[in-house]
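Asks: What follows is the residue order along each chain.
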Amino acid sequence: MTDKVLTANRLSDGIAVWLDANGHWVEDLQEAIVARHAEAVASLEAIGKRDFAENRVVDVAVVEVQEQDGKLWPLRLRERIRAQGPTMEYAAGYRAADPAFIAV
Amino acid sequence: MYRYDEFDHAFVSSRVEQFRDQVGRRLAGELAEDAFKPLRLMNGVYLQLHAYMLRVAIPYGTLNGKQMRMLAHIARKYDRGYGHFTTRQNIQYNWPKLSDTPDILAELASVEMHALQTSGNCIRNVTADHFAGAAADEVADPRPYAEILRQWSSVHPEFSFLPRKFKIAVTGAERDRAAIQVHDIGLHLKKNEEGEIGFAVYVGGGQGRTPMIAKKIKDFLPEEDLLSYTTAIMRVYNLHGRRDNKYKARIKILVHETGAEELARQVEEEFSHLQGTELKLPDADIQAIAAYFAPPALADRAEGWPQLAGWKKQDEAFARWVDQNVKPHKHPDYGMVTISLKPIGGIPGDASDVQMDAIADLAEEFAFDEIRISHEQNVILPHVALADLEPLYRALVAQNLATANAGLITDIIACPGLDYCALANARSIPLAQEISSRFGAAERQAEIGELKIKISGCINACGHHHVGHIGLLGVEKKGAELYQITLGGSGDENTSIGEIIGRGFEPNKVTDAVETIVDTYLGLRTSNEETFLEAYRRVGPQPFKEALYGDAKAEAA
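The listed protein sequences derive, respectively, from chains Y and F.
Heads up, the first sequence is in this note's numbering, so the first residue is 1 and it goes up one at a time.
Heads up, the second sequence is in this note's numbering, so the first residue is 1001 and it goes up one at a time.
For reference, chain F alone in the conformation it holds in the complex:
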């Protein structure tokens, strides 16, 4: 993985000292809040309901054991013993003291981590497929390009004061595991007929109060033009993006109001001035960055096959975990492991300091010291020999990290919601816990199959509810919480925005409603193999509306 060079170290250290000075002056009363607030946001420090919140960047969700241990240490020393992994592959701490944040950032810097550009109207964490570099279906590893974009976008002099936040995602397979079509820029890394590497470029996707699916504005961008073309997009956005209305300031609105074709033309025109300039990526540079992401030396471990078969025969729970949480790796003797942070009835995406330390140890022992965070709020060990799955599993069980539910109904994505967030209208975590408990039985989950529930506590959609197979949006109605249900959303290569199914449900009725939806699906699916999403796309909302609302008119709340 990428390692800081001297420049990076010096830069991050000096930023920490700069922030330390700013915090010191703020606490001494020499700097007012109006002046300080944008500065603290540039360093990822938010103010929430109960306390400050620090969002630490995990570039494209990749980290090693040493870094994970530091995250555990920060949780333990400066926070309340836990952290929350987010839908943009970052980590959030909910209780840091402002006075401690410079020390926290200094400790992070010592392991090449930071909290820069995790807030504010700038380019945020570039996210990527959490199975990058390992997946059997991968065409090319997106991480080198995510790293190139990260370096290019860090404290970019021209793009640090955009109309609004800007989010880029990169995927390297036909299956989109990075939800690129609901990002401001989505990059699909692929090869053309000549076998050359390039990108399909999507622009203007997003969720929030106006969910939109990105438009493809370029079929094939050669890899050497990645920065020139992306700069062209940013320039068009920076120039024409709305600054009059915060709710219309994302690039998706610009694409919508300009039209994709005209926007693509504007980008091409800007690109024509930039192509071949110093932004062109020399092959040598791409190779140098790619070298940081060279796969680990994966020795053949063919003994894993019979071993795994034997273990699975002996232990049904282990077999279920392998079947659900281990996916095919490029190397046949290896698998990609999902460590679920969704224990039944637990808080989605949270990990304690003890759990983080355990994951660090296990990554070093079994996974070539490589860890990923997925946008689905789970931890991934992308390179684990099949021969090591059983001892890994035992260790995970001991830490309550072995829930066999990757992609199943209890693998719920939930934002922090009204339990933490100053923007929220309703809670999401208790709802996730209740739904998880209701459907927690292994047999029930297996029967239902793949079903992605995503819960947001407000219209900002940090829980990605618009692309949930079942999406739940918490709103406030007459001082109480109410939940709107959407169906049929998806963030994969066939992205769709979920459709509101009818009027909302009170908190104590939502889980029953979800159960009604699930039972309806089970009753109408053509076979056990037809997933919820496939069934919904086949039959549409009507059967579900009838099941939930009967003959009564189901006008949306």
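This is chain Y alone, in the form it adopts within the complex:
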């Protein structure tokens, strides 16, 4: 089974977030708690449902990741872009995504 993390968007501001080991929603994928077996994934899903019902987050999803050089790397391009932001310089003061991380 591939490793999985739980992701969503924060209700108040829509920012993409991931569930960390303390049960908090954080903006950095690298701090996400990783589920490595079925029961852990089930827990993630339950927490996701609860936090959606408690109006903390919306659009909850379980996404696949793998660990590469100590970093969590989502398998889907879409999720890598979600983790890093737009892949070009798009606004003053905001960095573009890291091309090496985004690459297929």
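The set of hints was computed from the structure by calculation and includes no laboratory data.
Any given hint could turn out to be false.
[Claimed, not checked] The list that follows gives simulated cross-link-like pairs (lysine-lysine, DSS-like), each with its CA atoms no further than 27 Å apart: (1) F:Lys1478 with Y:Lys71; (2) F:Lys1312 with F:Lys1330; (3) F:Lys1216 with F:Lys1248; (4) F:Lys1312 with F:Lys1327; (5) F:Lys1248 with F:Lys1165; (6) Y:Lys49 with F:Lys1097; (7) F:Lys1077 with F:Lys1066; (8) F:Lys1167 with F:Lys1216; (9) F:Lys1280 with F:Lys1167; (10) F:Lys1477 with F:Lys1246; (11) F:Lys1037 with Y:Lys49; (12) Y:Lys71 with F:Lys1477.
Everything numeric in this text was worked out from a predicted model, so none of it was measured.
With chain Y held as given, fit chain F onto it using these hints.
Replies: Leaving out everything else, chain F in the frame of chain Y:
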């Protein structure tokens, strides 16, 4: 331009307060997402990959300096310092907080703007020729009719729960600059032999996963019947449009499945009940609305002619900008200016808050405070005296807004794509940037001439790739991006859907493929005057297939 009356002000303000209450209850947990989502969509608030997205309506793409300044202010205060102008003449903000949206909408309301009906299964922004009221070739100004349609369609009790979204476009010249034939309803404003004003009515155009060219169902609809007839179309659609399958719910499918002739008959029958009812447009009402769109008092500025000639002689870059970005105006001493939002290597359609403020200032100083947004994601100043072009140009240069590429290969339309959009399969912006950089040299662009590249990051075709001379559609294949190329599309009065040329290209091969296509065109054109589209329509896809794929079979990806 149209100004809100008391009713409009009261209506928009109360909608803002209603939404503020809804947002407050949502954030407090008193309103669940299932109930809230349709409400936020009715106010133009989407959820995308990274954040919410707010789509603000710019009715038929028309706004003034004060409104543009407010758009800049919102970008600065509530977002990340920029906005994105869209292929439906609206603006999108990519990073608003839900908790801020009521304040954003209140600020917009203070300058007579809103985000109503920019989402959902309702009638969306009525778009119009961005050169309306100014173009030398215009028969009649489409904007009063766009405004009439806007008022009629706003919170229409019968048409707020359609099978799907509904898009109307209006053009007022023989040249179609509003792409009416790929809209649900396209209206071609014209005069009959008696000189009376009316419309040719097209129905069932659209792009997306099943691109279709609209069918003309009425040659000449008298102007007084505009609302009666449009209501008739909407009623037939509302009644018979499919609600069983989201992908078959647009009116284009209904036209296709019913047949244009039968559909026209159904519309005529419904229309027969509506003609002469309260939907008839009294001449006085049309005149009252038209008065809002009276052209500015354009003083003769004949000194502009020799001045312009002199400036052009002195400054080659300025001359190129005038030749490419300034089009003939009704008044000979004036021109229609395209402010390109496609800097070489830049993000198509984006403008920073600083740039928006600058455009507002320049509109007030040089352009009678009138600004348009085109569906090609550029800004238009429709009334600029030739005598003012040079100082305007200098100011635009200072803001990186003077790219002389209107209609050229680097004037690319691109949707936000996978960099922003939750629906996307592939990115479009980096591709646009790469193509723009490859062809950025002024001489190369001039050599190539008019060539409209349009890029969509998914089958929903928000980048209008189906009507690009070169269309690029991003798809996902085995977890990676792949781009299909279509050729020969066009959104003008001779609308055509682009043809898929063969199997798709990997991201690092697309720009080379575009270059191969361009070089092939340059090699086979009959003269410098034959455009890419003309050449393609003359020779067809074969030379391009051979150039791209050689002798190998070029089955589509």
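Asks: Hints broken by the structure, by number, lowest first?
Replies: When the structure is compared with the hints, none of them turns out to be violated.
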